[in-house]
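**Student:** Now for the letters of each chain:
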Amino acid sequence: MGKIDEYIPTVGQPTIDDLRLLAERLKGKVIQNINSTSVGGGVAEILHRMVPLLKEIGVDARWDLIKGGEQFFAVTKKFHNALHGTSVEITQKDFDIFLDTSRSNIEEINVYGDVVFIHDPQPLALIKNKAENKWVWRCHIDVSEPDQKTWGFLRGFIDSYDAAIFSAPAFSQKLPIRQFLISPSIDPLSDKNKELSQETIDSVLKKYDIPKDKPIITQISRFDRLKDPLGVIETYKQVKRYIDCRLVLAGGGASDDPESTEVLGEVKEAAKDDLDIHILLLAQNDIEINALQRASAVILQKSIREGFGLTVAEALWKAKPVVASNVGGISLQIAHKYSGLLCHSVEGASFAVKQLLSSPDYARRLGENGREHIKNNFLITRHLKEYMLLFLSLYHPEDIVYL
Amino acid sequence: MAKIQKAKEPFKFYTRMHLSELTGLRASTLGQLLEIVKVVNGSCIYHHTHRFLQQHQYLSPEPPNDFAYWVTEVLGEDELGERLASIDVVQFTTIRSLREKIVATIAAYLDKNLLAKVRFSREGEEFHFIKSISFVLPTNYVAYDLKDFIDVLDKITIDSIYYHIFEARLRLEKNTNDFSNWIMNSVGDERMAREISHLDPYTFTLEGLRDKVIGIIKKGILV
Numbered sequence: 001m002g003k004i005d006e007y008i009p010t011v012g013q014p015t016i017d018d019l020r021l022l023a024e025r026l027k028g029k030v031i032q033n034i035n036s037t038s039v040g041g042g043v044a045e046i047l048h049r050m051v052p053l054l055k056e057i058g059v060d061a062r063w064d065l066i067k068g069g070e071q072f073f074a075v076t077k078k079f080h081n082a083l084h085g086t087s088v089e090i091t092q093k094d095f096d097i098f099l100d101t102s103r104s105n106i107e108e109i110n111v112y113g114d115v116v117f118i119h120d121p122q123p124l125a126l127i128k129n130k131a132e133n134k135w136v137w138r139c140h141i142d143v144s145e146p147d148q149k150t151w152g153f154l155r156g157f158i159d160s161y162d163a164a165i166f167s168a169p170a171f172s173q174k175l176p177i178r179q180f181l182i183s184p185s186i187d188p189l190s191d192k193n194k195e196l197s198q199e200t201i202d203s204v205l206k207k208y209d210i211p212k213d214k215p216i217i218t219q220i221s222r223f224d225r226l227k228d229p230l231g232v233i234e235t236y237k238q239v240k241r242y243i244d245c246r247l248v249l250a251g252g253g254a255s256d257d258p259e260s261t262e263v264l265g266e267v268k269e270a271a272k273d274d275l276d277i278h279i280l281l282l283a284q285n286d287i288e289i290n291a292l293q294r295a296s297a298v299i300l301q302k303s304i305r306e307g308f309g310l311t312v313a314e315a316l317w318k319a320k321p322v323v324a325s326n327v328g329g330i331s332l333q334i335a336h337k338y339s340g341l342l343c344h345s346v347e348g349a350s351f352a353v354k355q356l357l358s359s360p361d362y363a364r365r366l367g368e369n370g371r372e373h374i375k376n377n378f379l380i381t382r383h384l385k386e387y388m389l390l391f392l393s394l395y396h397p398e399d400i401v402y403l
Numbered sequence: 404m405a406k407i408q409k410a411k412e413p414f415k416f417y418t419r420m421h422l423s424e425l426t427g428l429r430a431s432t433l434g435q436l437l438e439i440v441k442v443v444n445g446s447c448i449y450h451h452t453h454r455f456l457q458q459h460q461y462l463s464p465e466p467p468n469d470f471a472y473w474v475t476e477v478l479g480e481d482e483l484g485e486r487l488a489s490i491d492v493v494q495f496t497t498i499r500s501l502r503e504k505i506v507a508t509i510a511a512y513l514d515k516n517l518l519a520k521v522r523f524s525r526e527g528e529e530f531h532f533i534k535s536i537s538f539v540l541p542t543n544y545v546a547y548d549l550k551d552f553i554d555v556l557d558k559i560t561i562d563s564i565y566y567h568i569f570e571a572r573l574r575l576e577k578n579t580n581d582f583s584n585w586i587m588n589s590v591g592d593e594r595m596a597r598e599i600s601h602l603d604p605y606t607f608t609l610e611g612l613r614d615k616v617i618g619i620i621k622k623g624i625l626v
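Heads up: the sequence lines are chains A and B, in that order.
Mapping to our numbering: the first sequence position 380 is 380, numbers consecutive.
In our numbering, each number is its position in the second sequence, counted from 1, plus 403.
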């Protein structure tokens with residue numbers, strides 16, 4: 001795990017100096033992060049990086065977990081899907097299960113933070129413990145069109161917070177509390193994003209039996225319908241009529257997602273008989289994902305819905321040309337024809353991929369612009385800075401704050 | 404090189420960081436955009452006309468303000484987009500007057516182009532109004548003369564340059580930028596101060612602006 005000074009070669013000394021300057025202003029404040037899991041998922045991944053870095057620069061950041069059984073997490077998973085706008089039936093019993101577990105957590109958890117930083121909906125009800133301290137809700141979900149019943153239920157808690165954070169402007173709703181825009185980030189020093197030797201990249205291709213004889217198009221994602229893997233195969237087939245290429249569809253298996261096995265079956269069926277399609281069900285292995293992205297000529301992200309789509313940032317950081325759907329936070333990462341190509345359909349995606357494969361100079365330019373954009377806006381150092389500014393803003397309601 | 408005089412007052416360098424606050428306000432038509440621009444908090448107008456300066460520090464093909472970008476790319480109103488993009492922000496010394504210019508530009512276009520009133524953005528491509536929250540902090544850098552000043556200017560963050568050039572002039576309504584103000588009043592070099600205040604900083608990248616200001620001062624010292 002990178003120490004703060006190890007980011008200097010990437011972002012420059014002044015950026016790190018600014019972080020230390022802000023950290024000084026937070027001396028004496030305890031930041032208590034609370035979420036529902038220490039392993040798996042994007043939130044835990046971010047906290048594993050954020051908390052040690054904040055501590056290193058002098059912010060007293062800590063991390064606690066709520067407890068919950070199988071039933072509770074089944075309900076919060078339903079909430080998650082409903083907030084994403086998927087049609088899910090949520091009953092009064094579901095709400096009761098959520099409230100029962102929340103009651104136990106409210107009694108058991110020790111709330112000691114000057115700032116209590118709640119991540120995602122699972123621990124939302126802890127707000128009942130609010131005293132003089134500040135409470136912030138970090139929403140990592142696309143709530144641009146939430147199921148109103150679920151949203152209405154959760155608003156009963158959200159409205160009592162001091163502030164909420166969303167990842168994209170479209171996710172903001174009219175709320176009686178302050179709302180901030182803080183996008184997620186990638187860590188340039190992590191296994192998923194660090195530089196790799198050609199030898200490592202080649203060894204991963206060899207392991208999965210992917211020859212380097214043709215340009216490789218890759219989509220990294222879970223086998224989930226919202227990631228449109230069948231659309232990806234269709235895109236590849238349309239490209240293949242004109243340009244010989246390979247397709248890599250790679251992602252982790254999601255044991256908590258019963259649908260993934262079904263989707264994987266459909267994907268395999270759609271890909272059968274084509275030896276140039278490589279479907280890889282990967283165990284969590286960040287180096288391998290990194291290598292597959294780096295070995296690709298074009299990266300696709302043909303999602304139908306997306307919270308933020310950090311796989312796009314990961315690809316752009318590697319200066320890869322990206323073709324992605326114009327959904328969720330992807331448009332914050334790609335300015336069309338400047339740092340990648342946005343699309344709305346299979347036909348649009350295949351046309352864009354053909355353009356990139358036929359014009360390597362153009363593709364290279366888009367990739368380089370993309371890397372610069374990610375460097376300026378979506379690295380973990382920017383994320384750290386904005387979290388500290390957010391904590392400070394809780395004590396300063398004005399628009400121009402003199403520190 | 405001429406002897407460098409000590410300034411009457413030292414120049415203290417500050418820096419500025421910002422956070423984006425969401426408002427929940429959104430527009431899908433030009434008419435809605437116009438109505439919200441008229442009443443929205445001045446920090447929103449500032450955000451949407453200045454965000455690009457810090458977010459795109461390098462050459463970017465995007466129009467220099469969010470209103471122009473949205474009107475062109477989402478609504479397809481190229482002519483209005485061009486008019487909004489070419490608003491000469493440097494001519495305005497208050498957010499209020501800048502807002503009035505944006506409002507007048509959109510209103511005049513709507514009057515002449517009735518069809519523009521019925522054009523809607525696609526779902527998911529609405530204009531979202533965002534406020535800019537600024538955090539101003541002193542740095543450890545102080546200049547006692549022009550030589551110190553260019554030494555610091557060479558190494559300070561672009562956020563500091565941004566603060567003293569853009570934020571001070573328009574958002575804090577100081578009328579001119581901090582650099583010109585100090586060179587005029589504490590160093591006493593009116594010609595140099597005027598040369599810097601006559602720049603259109605909106606046409607530079609922040610790194611380009613740094614080089615330009617250093618160049619003007621170096622040239623002035625040599626005279």
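Mixed in with the good hints there might be a few duds.
Listed next, the in silico EDC-like pairs over lysine to aspartate or glutamate satisfying Cα-Cα at most 20 Å (straight line) [what the hints assert, rightly or not]:
{"no.": "1", "chain 1": "B", "residue 1": "LYS558", "chain 2": "A", "residue 2": "GLU145"}
{"no.": "2", "chain 1": "A", "residue 1": "LYS174", "chain 2": "B", "residue 2": "GLU526"}
{"no.": "3", "chain 1": "B", "residue 1": "LYS558", "chain 2": "A", "residue 2": "ASP399"}
{"no.": "4", "chain 1": "B", "residue 1": "LYS415", "chain 2": "A", "residue 2": "ASP5"}
{"no.": "5", "chain 1": "A", "residue 1": "LYS174", "chain 2": "B", "residue 2": "ASP554"}
{"no.": "6", "chain 1": "B", "residue 1": "LYS441", "chain 2": "A", "residue 2": "ASP399"}
Treat the hints as calculated values from the structure; they're not laboratory data.
**Student:** Provide an ascending list of the numbers of those earlier hints which the structure does not satisfy.
**Tutor:** 1, 3, 4, 5
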